[in-house]
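**Student:** Sequence:
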Amino acid sequence: MNKIIEVKGLIKKYTNFQLGPVDLEIPEGCIVGLIGPNGAGKTTLIKSMLNLIHRDAGLVKIAGLDLNEHEREIKDNVGYVGEQQYFYEDKKVSWLGKFVSGFYSHWNDGLFYKLLEKYQINPKKKARELSKGMRVKLSFAMAMAHNPKVMLLDEPTSGLDPIIRREILEEMRNIAEDEKRSVLISSHITEDIDRIADYVMYLLDGKIILYSEKDTLLAEWKRIHYADGVLPDHLQGSLFERKTTVFGNSGITSNYSAIRDFLAPLISKGEVKIENLGLDDILICLVGRCRK
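FYI, UniProt numbering numbers position 235 of the sequence shown as 235, with every residue one higher than the one before it.
Just so you know, the hints here were simulated from the structure itself, not pulled from any lab data.
In silico lysine-lysine, DSBU-like type, Cα no more than 35 Å apart, as pairs:
| id | residue 1 | residue 2 |
| --- | --- | --- |
| 1 | Lys-132 | Lys-118 |
| 2 | Lys-98 | Lys-47 |
| 3 | Lys-8 | Lys-75 |
| 4 | Lys-75 | Lys-98 |
| 5 | Lys-118 | Lys-3 |
| 6 | Lys-114 | Lys-3 |
| 7 | Lys-8 | Lys-47 |
| 8 | Lys-92 | Lys-124 |
| 9 | Lys-214 | Lys-61 |
| 10 | Lys-149 | Lys-118 |
| 11 | Lys-47 | Lys-61 |
No experiment lies behind these values; they were computed from the predicted model shown.
Produce the entire structure from the sequences given, and follow the hints as far as they go.
**Tutor:** Spelled out as structure tokens, the structure:
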């Protein structure tokens, strides 16, 4: 699978925080969910990948082009939506579209108005008259009207009601149906990432601590519930977040496939039970392990 984004050794330093060094590759035609607690560096990473903030070191390539040498061409092929939407508040939607169109060499006015109709945005309305959900949808319409190869989305669903959030997520899934288009979306709402992502990246304290296919991640991370004396010491020792309560023992594995066959007869006897974990559970576990 071809890579559409390549980042090597990216570093951004602040007085009390450092992002990186970050190394990552994103394949074509997939959605990558960037998860992490507030302050982990998600926004810093995305903005550094677009030169919206200056990075102190590192290489960024998008669609095979070096950001240092081809920033204009790269931005012509990237759609960006941030957590906050900034518009000229007294200008109409139609004026805003025309204004933004001047920054892109292959802006498609017909597509822009088609998206406005799809999102039920009145082009005659002024920006200040739009709800938060409509402002996000307008940002999406602007970000997609030039047919970008890559979408970089920084907490786009933050603060939206569940119905609008779901509509936005479905639209992102539709965007990535084109196998040549990729999406990197950051969020602290793991439910959103679980719904649409193909890959999951965990960022903590400026470092990528895990990057995996989502289905593989969810298949390998399990909580194991077991009775006393059932598991050998070496297997118990491989578990983390181990707990003992009046109901029995439990622990988490990140490599379930390696012990599945051994556990199968114990599961059939009812001596072991397997609990699936969500992305939120995995994030909490990773944060706890990394900060011990």
